Amino acid sequence: AQSVAQPEDQVNVAEGNPLTVKCTYSVSGNPYLFWYVQYPNRGLQFLLKYITGDNLVKGSYGFEAEFNKSQTSFHLKKPSALVSDSALYFCAVRDVREYGNKLVFGAGTILRVKS
Amino acid sequence: EAGVAQSPRYKIIEKRQSVAFWCNPISGHATLYWYQQILGQGPKLLIQFQNNGVVDDSQLPKDRFSAERLKGVDSTLKIQPAKLEDSAVYLCASSLGLLASGSNEQFFGPGTRLTVL
Numbered sequence: 116a117q118s119v120a121q122p123e124d125q126v127n128v129a130e131g132n133p134l135t136v137k138c139t140y141s142v143s144g145n146p147y148l149f150w151y152v153q154y155p156n157r158g159l160q161f162l163l164k165y166i167t168g169d170n171l172v173k174g175s176y177g178f179e180a181e182f183n184k185s186q187t188s189f190h191l192k193k194p195s196a197l198v199s200d201s202a203l204y205f206c207a208v209r210d211v212r213e214y215g216n217k218l219v220f221g222a223g224t225i226l227r228v229k230s
Numbered sequence: 011e012a013g014v015a016q017s018p019r020y021k022i023i024e025k026r027q028s029v030a031f032w033c034n035p036i037s038g039h040a041t042l043y044w045y046q047q048i049l050g051q052g053p054k055l056l057i058q059f060q061n062n063g064v065v066d067d068s069q070l071p072k073d074r075f076s077a078e079r080l081k082g083v084d085s086t087l088k089i090q091p092a093k094l095e096d097s098a099v100y101l102c103a104s105s106l107g108l109l110a111s112g113s114n115e116q117f118f119g120p121g122t123r124l125t126v127l
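Which chain is which? The protein sequence lines are X and Y, in order. Going by this note's numbering, the first residue of the first sequence is number 116, and it counts up by one from there. Going by this note's numbering, the first residue of the second sequence is number 11, and it counts up by one from there.
Possibly wrong hints are sitting among the right ones.
Quick list of in silico lysine-lysine cross-link-like pairs, DSS-like style, CA-CA up to 27 angstroms [claimed, not checked]: (1) 88(Y) with 72(Y); (2) 81(Y) with 21(Y); (3) 173(X) with 137(X); (4) 137(X) with 229(X); (5) 54(Y) with 93(Y); (6) 184(X) with 54(Y); (7) 229(X) with 173(X); (8) 93(Y) with 217(X); (9) 54(Y) with 21(Y); (10) 184(X) with 217(X); (11) 72(Y) with 25(Y); (12) 192(X) with 217(X); (13) 217(X) with 81(Y); (14) 217(X) with 54(Y); (15) 81(Y) with 25(Y); (16) 88(Y) with 217(X); (17) 164(X) with 54(Y); (18) 217(X) with 72(Y); (19) 21(Y) with 93(Y); (20) 25(Y) with 137(X); (21) 229(X) with 184(X); (22) 192(X) with 137(X); (23) 137(X) with 164(X); (24) 217(X) with 173(X); (25) 192(X) with 88(Y); (26) 54(Y) with 72(Y); (27) 25(Y) with 54(Y).
Over the 10 angstroms line for every Cβ pair with chain X, so calculated as not near, a few chain Y residues [unchecked claim]: (28) 22; (29) 23; (30) 29; (31) 32; (32) 34; (33) 54; (34) 66; (35) 70; (36) 82; (37) 95; (38) 97; (39) 123; (40) 127.
FYI, nobody ran anything at the bench for these hints, they're computed from the structure. Model, not experiment: these values are computed from the prediction. The beta carbon of each residue, even a glycine, is placed where N, CA and C say it ideally should be.
Make a model of the complete structure from these sequences and hints.
Listed below in structure tokens is the structure:
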């Protein structure tokens, strides 16, 4: 069964600095990988996904993520953080070989960007 | 384009009572999901529908939870009777379709926050 680990409960970064939110995954086959963001009292919003092809994926709001198959990682990055990026971030994985479209989510990482 | 709609947004009940949540997915989305998000955890899939058929309900506590999507559009999730541990946010999501491959992202509603006292 697939699983996702987000090793950091919280990431703190100063506005204007680069940010990284870490994610590692485990699947039997090939993965589809996703990042979602959740603001208080709101549902999850899709940021970006890796399906196949280029290992560097660009998404919404200037975020990008790098797929690393050998390290089974899919870290979320942004070159210059904004205070408005402060939110809860979830990494999710789906095993391509599994029937259905079941996503398995990590526990989430709180990102705090300070001005 | 309208997003996924859910109601109510908040619900407080006492244990052993019943409760129902409603979801209307994005128009044209064949696949609908119900997730349970307990505080401090990621969402956990409860049930997935493809049109009006169940694709996966392996994590649905069927002794107390039920869900339906009779006409393949909106859906209801019911809990009867509720337990304290059911306190969580219940998220509904939709995506274009299962057969279009699992690469389609899911679009989430705002959720229903359930408190069981």
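Status of each hint after checking the structure:
no.	hint	verdict
1	88(Y) with 72(Y)	holds, 10 angstroms
2	81(Y) with 21(Y)	holds, 26 angstroms
3	173(X) with 137(X)	holds, 16 angstroms
4	137(X) with 229(X)	holds, 19 angstroms
5	54(Y) with 93(Y)	holds, 17 angstroms
6	184(X) with 54(Y)	holds, 25 angstroms
7	229(X) with 173(X)	holds, 24 angstroms
8	93(Y) with 217(X)	holds, 26 angstroms
9	54(Y) with 21(Y)	holds, 20 angstroms
10	184(X) with 217(X)	holds, 21 angstroms
11	72(Y) with 25(Y)	holds, 17 angstroms
12	192(X) with 217(X)	holds, 25 angstroms
13	217(X) with 81(Y)	holds, 22 angstroms
14	217(X) with 54(Y)	holds, 10 angstroms
15	81(Y) with 25(Y)	violated, 31 angstroms
16	88(Y) with 217(X)	holds, 21 angstroms
17	164(X) with 54(Y)	holds, 19 angstroms
18	217(X) with 72(Y)	holds, 18 angstroms
19	21(Y) with 93(Y)	holds, 14 angstroms
20	25(Y) with 137(X)	violated, 38 angstroms
21	229(X) with 184(X)	violated, 32 angstroms
22	192(X) with 137(X)	holds, 9 angstroms
23	137(X) with 164(X)	holds, 15 angstroms
24	217(X) with 173(X)	holds, 23 angstroms
25	192(X) with 88(Y)	violated, 39 angstroms
26	54(Y) with 72(Y)	holds, 15 angstroms
27	25(Y) with 54(Y)	holds, 22 angstroms
28	22	holds, 16 angstroms
29	23	holds, 19 angstroms
30	29	holds, 19 angstroms
31	32	holds, 15 angstroms
32	34	holds, 13 angstroms
33	54	violated, 7 angstroms
34	66	violated, 5 angstroms
35	70	holds, 12 angstroms
36	82	holds, 16 angstroms
37	95	holds, 18 angstroms
38	97	holds, 16 angstroms
39	123	violated, 8 angstroms
40	127	holds, 20 angstroms
Going through the hint list in order, the structure does not satisfy hints 15, 20, 21, 25, 33, 34, 39.
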